[in-house]
Amino acid sequence: MSPLTFSLKSPPPQRLDLSQLTPDRLKDMKAAEIQRIAIGTTREPLLVGDVFSLKGRDAAEIRFEGGSNRFDLLGHGMESGVIRVEGDVGLKAGRRMRGGAIEVRGNAGPWLGSQMSGGRIRISADAGDDVGGPVSGELAGMSGGLILIGGKAGRQVGQRLRRGMIVVSGTSGDYAGAAMIAGTLVLLGKTGHLPGYLMRRGTIVLGRGAQSLSPSFADSGPQELSFAALLGTMLAEQEVKTGKLFKGTLRRLAGDLATLGKGEILIG
Amino acid sequence: MPQLMLNGVRIDDTFAEAFGMVATAIVITAPTARWAEQAAVTMTGFATSVIACGCEAGIDMIVPATESPDGRPGVRVLLFAISPAELQKQLQNRVGQCVLTCPGTACYAGIAGGARLKLGANLRYFGDGWQISKRLGGKHYWRIPVMEGEFLCEASTGSSTEAVGGGNLLLMGQTRRTALAAAETAVKAMTEVADVILPFPGGIVRSGSKVGSRYPALIASTNDAYCPTLKGLPHSALDPDIGAVLEIVIDGLTSDAVRQAMAVGLKAAAALGPDAGPVRISAGNYGGKLGRFHYHLKELIG
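Residue numbers (the numbering used here), protein chains in the order written: chain A, 1 to 268; chain B, 1001 to 1302.
Wrong hints could be hidden among the right ones.
Beyond 12 Å from chain A on every Cβ pair, some chain B residues (computed) [what the hints assert, rightly or not]:
#1 Leu1004
#2 Ala1052
#3 Pro1064
#4 Pro1069
#5 Thr1101
#6 Thr1105
#7 Arg1116
#8 Ala1121
#9 Ile1132
#10 Thr1161
#11 Thr1175
#12 Arg1177
#13 Ala1189
#14 Thr1191
#15 Ala1194
#16 Cys1227
Calculated lysine-lysine pairs in the DSS-like style (CA-CA distance at most 30 Å, straight line) [unchecked claim]:
#17 Lys152/A - Lys1267/B
#18 Lys247/A - Lys1231/B
#19 Lys244/A - Lys1139/B
In case anyone wonders, no lab produced these hints; they're calculated from the structure. Predicted, not measured: the structure shown is a model, and the values here were computed from it. Virtual Cβ for every residue (Gly too), placed ideally from N, Cα, C.
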């Protein structure tokens, strides 16, 4: 069976709530039923059929031909299967995702993978602020899974990260890994001010340093870590280019000593 | 005993009797092969027989840097015990005292599947609160700060209840020298077989045992029927031309691995011929009633 494909007819007239269009929710639905799913977010009613033309039947793999920064909540809470997007996605793509994979050939908006607990998200270009992070009022961010960003990431990537891994191949904004609880944040490009601000546990790897580092970290100096080789191997398996970063020593900063202080920043 | 011939060597038409065991495996890596092997040799010391050592352990194979989890040279170690609880205890004590302590090492699961045995999940407490948990690619690791740097240890390893302990060959030579040549040749060939270990010193036992003793406190005693100094006495199993007997004991993760190792070892020893190697090859059993696994020498040479 060919993948279930949503082709964008024209740019969306309003922000779209795509949270219903996941492999788990569509697997037993007929095309006519899918066409009638409401995806509008304003008082103007909007159905799938108004925005997309459908083809294919296998909902285990969903494709979007054409994207938009108005594609919100893509893959919300998905548990299995694959969603591929040829184009951009909007707010909160992969929020509370538990399994499966999202592949976006384009940019993603803020809160990418917010509170996700499993599965994998791969973005070919840039992501917005608060990757993996909690929305207001939530105590923890991402708690599992893997987010791979081919381009840049905005501010506070990995805020309150609890478990899982986020990898940013390009540059990233200020306060990366703020208040991290645990987990692993790999920032291969230069990051902004004060990475790891108030982090408790966890690991932040900086491939090209930061604009400024907090004075509340203790410098443990260069270290040879067996664990770095495992991380390098695992990233190579995910087709992330890390060069020689994990082959030599890494300078270890322990902190943030303004709080629990069991985290670390490893600088290549 | 009826006998077969292979390259002028007499092969007893008998069988080796082996037992079901529980086993686990770990991979130890280090910056150099020398230190990976040192850790493995140390942790498998005093692990020749479950009778007094708690487990039987040995190096199964060299793991080249290109195939090891962290890209460093490594070795794979197998441990065999009679119960999962004893295996867990031996694994924890031996890795804790011999691998954690050895310069440069890291320790990984060496077997997938089966009941999980704790590895780093217990040793992490050595970190006294400074240990770091990491989950990478579906696996769980512990990083424990040590004076030299950091000990990286996978949280758990797998186990197998399909393992077999006690496969054996008895190699009989005209002299100690030819018996040893036969045993060394067999050991060299058997070491190449994957998933087996030869737990005794250099793979060889010179003091094979029988079950029981005239002394009530002992559960095993010397295999007097195969002692050359007792040759000629009524109970002796030795022919006049036999001057020394050496035994090779084989533990394997699977019955097939034990069978293959025995076949390879038997053929390699027999290939030496009766003048340079063994004049006769046999195997030990208990009449077939105690052990689940029987390896008939006739089938091994067939």
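Comparing the hints with the structure gives:
1. Leu1004: Given a closest Cβ separation of 51 Å, the condition holds.
2. Ala1052: Since the minimum Cβ distance to chain A is about 35 Å, Ala1052/B lies beyond 12 Å and the statement holds.
3. Pro1064: Since the minimum Cβ distance to chain A is about 15 Å, Pro1064/B lies beyond 12 Å and the statement holds.
4. Pro1069: violated, 6 Å
5. Thr1101: holds, 15 Å
6. Thr1105: violated, 9 Å
7. Arg1116: Consistent with the label, Arg1116/B stays out of reach of chain A, its closest Cβ about 19 Å off (over 12 Å).
8. Ala1121: At roughly 16 Å from the nearest Cβ of chain A, Ala1121/B sits farther out than 12 Å, so the non-interface label holds.
9. Ile1132: violated, 7 Å
10. Thr1161: holds, 29 Å
11. Thr1175: Since the minimum Cβ distance to chain A is about 49 Å, Thr1175/B lies beyond 12 Å and the statement holds.
12. Arg1177: holds, 45 Å
13. Ala1189: holds, 34 Å
14. Thr1191: For Thr1191/B, whose nearest Cβ neighbour in chain A is about 27 Å away, the distance exceeds 12 Å, so it holds.
15. Ala1194: Label holds. Min Cβ-Cβ 23 Å, cutoff 12 Å.
16. Cys1227: Given a closest Cβ separation of 49 Å, the condition holds.
17. Lys152/A - Lys1267/B: violated, 64 Å
18. Lys247/A - Lys1231/B: violated, 63 Å
19. Lys244/A - Lys1139/B: holds, 23 Å
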